[in-house]
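All chains, please: the whole structure from these sequences, using the hints.
2 protein chains.
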Amino acid sequence: MLKVAVLISGRGSNLQALIDACARDDFPATIVRVISNKADAYGLVRAQNAGLDTAVVNHKDFPDRESFEDALHTELSNAGVEFICLAGFMRILNSDFVNRWRDRMLNIHPSLLPAFKGLHTHERVLEAGVGFTGCTVHFVRPEMDDGPIVTQAAVAVNPHEDASRLAERVLLLEHLIYPEALRLVAEGRVKVVGSKAEIKEATYSNTWLVNPEPMIE
Amino acid sequence: MLKVAVLISGRGSNLQALIDACARDDFPATIVRVISNKADAYGLVRAQNAGLDTAVVNHKDFPDRESFEDALHTELSNAGVEFICLAGFMRILNSDFVNRWRDRMLNIHPSLLPAFKGLHTHERVLEAGVGFTGCTVHFVRPEMDDGPIVTQAAVAVNPHEDASRLAERVLLLEHLIYPEALRLVAEGRVKVVGSKAEIKEATYSNTWLVNPEPMIE
Chain R
1 MLKVAVLISG RGSNLQALID ACARDDFPAT IVRVISNKAD AYGLVRAQNA GLDTAVVNHK
61 DFPDRESFED ALHTELSNAG VEFICLAGFM RILNSDFVNR WRDRMLNIHP SLLPAFKGLH
121 THERVLEAGV GFTGCTVHFV RPEMDDGPIV TQAAVAVNPH EDASRLAERV LLLEHLIYPE
181 ALRLVAEGRV KVVGSKAEIK EATYSNTWLV NPEPMIE
Chain C
218 MLKVAVLISG RGSNLQALID ACARDDFPAT IVRVISNKAD AYGLVRAQNA GLDTAVVNHK
278 DFPDRESFED ALHTELSNAG VEFICLAGFM RILNSDFVNR WRDRMLNIHP SLLPAFKGLH
338 THERVLEAGV GFTGCTVHFV RPEMDDGPIV TQAAVAVNPH EDASRLAERV LLLEHLIYPE
398 ALRLVAEGRV KVVGSKAEIK EATYSNTWLV NPEPMIE
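Chains R and C, in that order, are what the protein sequence lines are. The opening position of the first sequence corresponds to residue 1 in my numbering, with each subsequent residue numbered one higher. The opening position of the second sequence corresponds to residue 218 in my numbering, with each subsequent residue numbered one higher.
Don't read these hints as lab results, they were simulated from the structure. Here a beta-carbon is modelled for each residue, glycine too, at the ideal position from N, C-alpha and C. One thing to keep in mind: the hints can contain errors.
Computed cross-link-like contacts, BS3-like style, restricted to lysine-lysine with a CA-CA straight-line distance of at most 30 Å [stated by the list, open to error]: (1) R:K117 - R:K38; (2) R:K117 - C:K334; (3) C:K220 - C:K255; (4) C:K413 - C:K334; (5) R:K3 - R:K38; (6) R:K196 - R:K60; (7) C:K408 - R:K117; (8) R:K117 - R:K196; (9) R:K117 - C:K413; (10) C:K334 - R:K191; (11) R:K60 - R:K117; (12) C:K408 - C:K334; (13) R:K3 - R:K196; (14) R:K196 - C:K417; (15) C:K417 - C:K220.
Going by beta-carbon spacing under 7 Å, a handful of chain R positions derived as facing chain C [claimed, not checked]: (16) N37; (17) A115; (18) G118; (19) H120; (20) K196; (21) I199; (22) A202; (23) V210.
Dropping the structure here:
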């Protein structure tokens with residue numbers, strides 16, 4: 001069983017998806033610690049409801065980013081954490097921390113990376129008028145929203161919906177692919193080769209989506 | 218019937234898709250001229266086989282880009298062309314020419330724009346390890362591979378395939394969406410508003426794709 005920490009800052013809906021997945025008998029990972037940088041993050045309640053150990057490491061309690069990340073690292077080491085899942089963790093991590101956890105830390109981002117890195121992705125997706133968006137689970141690198149891609153999910157954009165409705169639809173896909181990506185990693189089926197994550201025995205769809213859909217006359 | 222010119226430089230497989238679409242009784246556009254900047258482009262043969270008027274405007278016959286584009290414009294005007302489809306036309310067009318045909322010129326690009334603008338897209342897609350790629354029909358703007366998006370099609374990338382196989386799969390989608398985009402335009406259902414193309418009465422899929430697909434246990 002891969003021992004996982006989930007790092008959060010807020011409501012923790014992706015955390016919930018990971019909790020639910022880890023509760024399944026055949027899931028190859030277990031959450032040994034949920035850590036928030038905010039004491040009032042609702043995700044902590046979710047973790048406690050699931051009987052998980054939690055910790056708060058508040059960045060405001062530390063003079064600089066280095067000491068904050070040292071405290072984070074100590075907490076992770078004490079809990080015997082082998083792997084990190086960032087799930088709405090809203091602090092930028094220094095390259096020292098990121099490199100200590102290289103290829104042992106995943107993040108989820110609500111766009112089809114490399115498109116639409118950064119914040120307010122859904123607003124920017126709608127503004128750009130693109131036909132598709134989605135979400136990406138990737139290994140973390142020092143550059144923001146960069147790193148080998150493990151899983152992506154794509155959905156057609158309806159330009160008549162607003163950003164919050166689109167966010168809701170993409171979030172459902174996030175809840176689907178984050179546990180799936182963690183499972184692939186925990187089963188030892190993901191190997192980072194250069195800038196890419198190679199997935200052993202993955203299946204790849206040959207279907208496609210068109211947006212807008214051709215009209216049926 | 219919208220009077221269309223198709224501009225090519227090579228084999229013209231997207232031209233063929235447009236020829237086939239325009240041959241259908243209910244299609245609202247007709248190709249009045251196929252123009253190539255290369256005399257030996259195989260697309261010219263396809264056009265002649267379909268009984269279409271062709272012209273060669275060779276950029277090498279002109280001292281500069283301006284005079285080449287003036288000749289191109291004259292050819293288009295003489296043929297009564299109302300709308301242009303670029304289909305593998307390998308010359309960069311100056312902003313003067315582009316602005317004369319603003320919102321009356323489409324291009325197709327083999328990626329999910331704004332990702333992977335430029336050449337060698339499939340090689341770069343595979344190198345980046347992304348889960349999805351596709352193709353985009355967009356109005357032409359002076360910036361390369363930029364402009365309001367009319368249609369996109371997405372397909373899951375199989376990282377075990379090579380660029381030429383991926384290109385082949387994307388090309389099938391190109392042949393599907395380019396005629397569809399032209400039809401939408403010719404039916405007056407596409408309106409450019411700011412940086413976006415709004416499509417009247419389009420249908421938008423709620424389905425999604427995941428890559429790699431979850432394994433069925």
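Do the hints match the structure? See the list:
1. R:K117 - R:K38: Holds: K117 (chain R) and K38 (chain R) sit about 24 Å apart, inside 30 Å.
2. R:K117 - C:K334: holds, 16 Å
3. C:K220 - C:K255: Satisfied, since the Cα-Cα distance of roughly 23 Å is no more than 30 Å.
4. C:K413 - C:K334: Within the cut-off at roughly 18 Å; holds.
5. R:K3 - R:K38: Answer holds: K3 (chain R) to K38 (chain R) is near 23 Å, not above 30 Å.
6. R:K196 - R:K60: violated, 35 Å
7. C:K408 - R:K117: holds, 28 Å
8. R:K117 - R:K196: holds, 18 Å
9. R:K117 - C:K413: holds, 20 Å
10. C:K334 - R:K191: Holds, because 28 Å separates the two Cα atoms, which is no more than 30 Å.
11. R:K60 - R:K117: holds, 26 Å
12. C:K408 - C:K334: holds, 24 Å
13. R:K3 - R:K196: With Cα atoms ~24 Å apart, K3 (chain R) and K196 (chain R) stay inside 30 Å; holds.
14. R:K196 - C:K417: violated, 40 Å
15. C:K417 - C:K220: Given that 30 Å is the threshold and the Cα spacing comes to 21 Å, the pair holds.
16. N37: violated, 30 Å
17. A115: holds, 5 Å
18. G118: Not OK, violated: G118 (chain R) not within 7 Å of chain C, min 14 Å.
19. H120: violated, 16 Å
20. K196: holds, 4 Å
21. I199: The hint holds - I199 (chain R) has a Cβ within 7 Å of chain C, the shortest such distance being about 5 Å.
22. A202: A202 (chain R) check passes; min Cβ-Cβ to chain C is 3 Å, inside 7 Å.
23. V210: Because about 5 Å separates V210 (chain R) from the closest Cβ in chain C, which is inside the 7 Å limit, the hint holds.
This entry does not satisfy hints 6, 14, 16, 18 and 19, going by the numbered hints stated previously.
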